[in-house]
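Chains L and P supply the protein sequences, listed in that same order. Sequential numbering of the first sequence, starting at 1, is according to the numbering used here. Sequential numbering of the second sequence, starting at 1, is according to the numbering used here.
No lab work stands behind these hints: they were computed from the structure. From a predicted model like this one, the values you see are computed outputs, not experimental measurements. One should not assume that every hint holds.
Pairs involving identical chains hold if they fit within one copy or between any two copies, as the list cannot separate such chains.
[To be verified] Taking lysine to any residue and the SDA-like style, the derived pairs with C-alpha atoms no more than 20 angstroms apart in a straight line are: (1) K199 - G260; (2) K305 - M172; (3) K116 - S224; (4) K199 - R112; (5) K199 - D131; (6) K116 - Q255.
Protein chains: 2
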Amino acid sequence: MTDPVLPTFADIEAAARTLAPVAVRTRMLSSPALDERTGARVFLKPEVLQRTGSFKFRGAFNKLSSIPESQRAAGVVAFSSGNHAQGVAAAAQLLNMPAVIVMPSDAPVSKRERTKSYGAEVVLYDRDTEDREQIARAIAGQRGAVLVPPFDDPKVIAGQGTVGLEIAEGLMHLGVTSDLVAAPASGGGLMAGIALAIKHRFPQTGLLTAEPEGFDDHARSLNSGRRQPHHAEGRTICDALMASIPGELTFAINQRLVAGGVTASDAEVAEAVAFAFRELKLVVEPGGAVALAALLAGRMDARGKTVVIVLSGGNVDAELYARLIRQ
Amino acid sequence: MTDPVLPTFADIEAAARTLAPVAVRTRMLSSPALDERTGARVFLKPEVLQRTGSFKFRGAFNKLSSIPESQRAAGVVAFSSGNHAQGVAAAAQLLNMPAVIVMPSDAPVSKRERTKSYGAEVVLYDRDTEDREQIARAIAGQRGAVLVPPFDDPKVIAGQGTVGLEIAEGLMHLGVTSDLVAAPASGGGLMAGIALAIKHRFPQTGLLTAEPEGFDDHARSLNSGRRQPHHAEGRTICDALMASIPGELTFAINQRLVAGGVTASDAEVAEAVAFAFRELKLVVEPGGAVALAALLAGRMDARGKTVVIVLSGGNVDAELYARLIRQ
Numbered sequence: 001m002t003d004p005v006l007p008t009f010a011d012i013e014a015a016a017r018t019l020a021p022v023a024v025r026t027r028m029l030s031s032p033a034l035d036e037r038t039g040a041r042v043f044l045k046p047e048v049l050q051r052t053g054s055f056k057f058r059g060a061f062n063k064l065s066s067i068p069e070s071q072r073a074a075g076v077v078a079f080s081s082g083n084h085a086q087g088v089a090a091a092a093q094l095l096n097m098p099a100v101i102v103m104p105s106d107a108p109v110s111k112r113e114r115t116k117s118y119g120a121e122v123v124l125y126d127r128d129t130e131d132r133e134q135i136a137r138a139i140a141g142q143r144g145a146v147l148v149p150p151f152d153d154p155k156v157i158a159g160q161g162t163v164g165l166e167i168a169e170g171l172m173h174l175g176v177t178s179d180l181v182a183a184p185a186s187g188g189g190l191m192a193g194i195a196l197a198i199k200h201r202f203p204q205t206g207l208l209t210a211e212p213e214g215f216d217d218h219a220r221s222l223n224s225g226r227r228q229p230h231h232a233e234g235r236t237i238c239d240a241l242m243a244s245i246p247g248e249l250t251f252a253i254n255q256r257l258v259a260g261g262v263t264a265s266d267a268e269v270a271e272a273v274a275f276a277f278r279e280l281k282l283v284v285e286p287g288g289a290v291a292l293a294a295l296l297a298g299r300m301d302a303r304g305k306t307v308v309i310v311l312s313g314g315n316v317d318a319e320l321y322a323r324l325i326r327q
Numbered sequence: 001m002t003d004p005v006l007p008t009f010a011d012i013e014a015a016a017r018t019l020a021p022v023a024v025r026t027r028m029l030s031s032p033a034l035d036e037r038t039g040a041r042v043f044l045k046p047e048v049l050q051r052t053g054s055f056k057f058r059g060a061f062n063k064l065s066s067i068p069e070s071q072r073a074a075g076v077v078a079f080s081s082g083n084h085a086q087g088v089a090a091a092a093q094l095l096n097m098p099a100v101i102v103m104p105s106d107a108p109v110s111k112r113e114r115t116k117s118y119g120a121e122v123v124l125y126d127r128d129t130e131d132r133e134q135i136a137r138a139i140a141g142q143r144g145a146v147l148v149p150p151f152d153d154p155k156v157i158a159g160q161g162t163v164g165l166e167i168a169e170g171l172m173h174l175g176v177t178s179d180l181v182a183a184p185a186s187g188g189g190l191m192a193g194i195a196l197a198i199k200h201r202f203p204q205t206g207l208l209t210a211e212p213e214g215f216d217d218h219a220r221s222l223n224s225g226r227r228q229p230h231h232a233e234g235r236t237i238c239d240a241l242m243a244s245i246p247g248e249l250t251f252a253i254n255q256r257l258v259a260g261g262v263t264a265s266d267a268e269v270a271e272a273v274a275f276a277f278r279e280l281k282l283v284v285e286p287g288g289a290v291a292l293a294a295l296l297a298g299r300m301d302a303r304g305k306t307v308v309i310v311l312s313g314g315n316v317d318a319e320l321y322a323r324l325i326r327q
């Protein structure tokens with residue numbers, strides 16, 4: 001078996017053409033209140049406004065679009081804690097393909113319900129005792145369906161890279177160069193795609209992954225130069241960011257292009273979600289707010305700089321959200 | 001005393017130049033979920049993303065900028081249930097002017113606190129027993145300060161009109177003509193400004209005010225052709241939309257340019273706030289969501305049409321918001 005070829009900038013441009021008719025072009029936002037608070041010029045990339053409420057639709061639609069017509073009737077299978085599930089389900093619906101999603105039984109109810117609303121079949125598993133990848137592979141094998149990996153796939157990475165392409169084009173349109181671009185990382189697909197696009201246009205821009213405290217496998221791996229798992233044993237409120245180790249393909253890209261990783265505690269993430277409610281008027285889920293949290297907590301050297309912060313998703317249960325904004 | 005001259009399209013263009021360095025240009029958003037739900041092509045004008053969290057900053061800054069330098073030291077006074085208060089306070093802070101805001105004692109705490117955060121002095125009054133306009137006039141008289149009316153003022157109307165100008169420019173950029181533009185109405189300043197701008201560029205577009213059920217003074221007045229108060233005696237969750245009768249200047253404009261008014265019940269507004277949380281990922285306050293509520297409740301003939309919905313503000317207490325999104 002040969003190694004899958006890493007995606008290139010041209011693959012991201014191709015993904016942008018594929019996505020143009022269906023994805024939302026999420027224009028960057030700025031907030032005088034945020035600039036004042038941080039002393040930076042901040043541009044927010046609001047992927048909460050993307051179809052399905054997160055960037056995951058981009059990679060999923062790009063991947064599904066690459067499946068030959070003859071294989072589409074057998075459908076797709078994916079395993080996901082939530083946003084990838086919705087992305088795959090929505091993409092499958094648009095392309096008239098059946099979809100099975102393997103989800104942890106403790107995933108937020110909103111994410112489970114929304115996945116079903118796109119017409120997907122949901123299969124639940126126990127996060128502590130079962131192997132979701134094994135379950136998904138078995139279903140894919142039985143049905144002849146294509147397994148859609150959440151991050152470690154060239155088409156998925158290229159799709160997420162359109163986030164970076166839009167950031168780069170937005171900055172060029174404004175005549176601005178960014179010093180830093182920070183994005184949440186779980187498997188690292190979003191950052192790998194962003195890195196390919198941003199570094200192509202702005203080689204001097206520094207890139208940072210943002211992770212929940214303890215779930216810092218990217219920070220550790222980028223630091224040591226090899227893929228390392230995190231050592232967290234509990235949970236984080238960032239349910240979207242619990243991957244245990246960077247992907248192989250994603251890390252091959254990120255190791256080369258990303259400067260390092262920052263983290264934020266659950267309390268800092270909660271404060272960022274509340275800040276986004278109060279000052280930005282954007283609904284951001286905990287995992288989607290971790291880069292903003294790191295910025296607000298002073299975990300990146302932003303003062304006086306131009307910084308792009310990716311708000312990667314906004315799918316959060318009303319109960320949890322109510323608790324976070326009233327703290 | 002001569003009648004104040006009604007603002008014109010040229011006044012709105014001048015306001016846009018005044019606002020350009022400080023206001024956020026709130027680009028219109030679209031949502032596949034909303035289009036699917038309504039069968040319309042909907043553009044959202046997200047004034048929740050404006051400085052201070054509502055469109056009110058526009059009119060306030062334009063008005064304060066028109067005060068001669070020699071009179072600025074005496075400051076400004078305004079009476080407001082909240083968003084106008086924040087708009088005036090923030091504009092005064094940017095222009096280095098003192099500001100006194102007369103607010104009802106039952107205004108949302110978030111609005112009161114945010115007003116203070118912009119450096120304004122807040123004076124509370126009892127909505128049921130005291131006359132806020134009288135109190136504000138007395139303070140203005142004592143200090144030689146300028147009273148900044150919430151809506152019935154040519155400079156304020158011209159400032160709010162920049163919302164309409166941006167809508168018109170956004171539509172032209174997209175090569176789209178809108179069939180309908182709907183916006184929340186209290187005193188009618190936002191709609192008067194929007195009407196002047198939209199009708200200048202798109203004479204065929206229909207304009208609709210949106211009000212809380214019962215607080216339908218615009219619907220009644222537009223229907224009868226003369227200013228009429230509403231007959232509501234209780235409260236509405238739309239605390240921003242409780243003016244009792246359309247303004248004189250605003251109605252002189254709206255009577256000529258606006259097709260009619262729609263309403264939404266508090267329950268429909270609550271559903272719209274929750275929809276914006278769940279599907280749009282935008283924090284919208286009840287009063288800011290009333291046009292969206294009327295659309296979602298089928299109160300306007302939108303199917304198959306291109307519709308612009310103004311989300312006028314997003315300043316809502318966390319407690320109330322938590323209750324609305326969990327329903």
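Outcome of the hint check:
1. Taking the shortest Cα distances, K199 and G260 sit within 20 angstroms of each other inside one copy (15 angstroms), while across copies they are farther apart (52 angstroms).
2. For a Cα distance limit of 20 angstroms, the shortest separation of K305 from M172 inside one copy, 17 angstroms, qualifies, whereas the shortest one across copies, 34 angstroms, does not.
3. Within a single copy, K116 and S224 get their C-alpha atoms no closer than 41 angstroms, and across copies no closer than 48 angstroms, so neither meets the 20 angstroms cut-off.
4. Proximity of K199 and R112 under a CA criterion of 20 angstroms is satisfied in neither setting, with 36 angstroms inside one chain copy and 45 angstroms between copies.
5. Neither within a single protomer nor between protomers do K199 and D131 lie at most 20 angstroms apart by alpha-carbon distance, with minima of 36 angstroms and 61 angstroms respectively.
6. Taking the shortest alpha-carbon separations for K116 and Q255, neither the intra-copy value of 36 angstroms nor the inter-copy value of 47 angstroms comes in at or below 20 angstroms.
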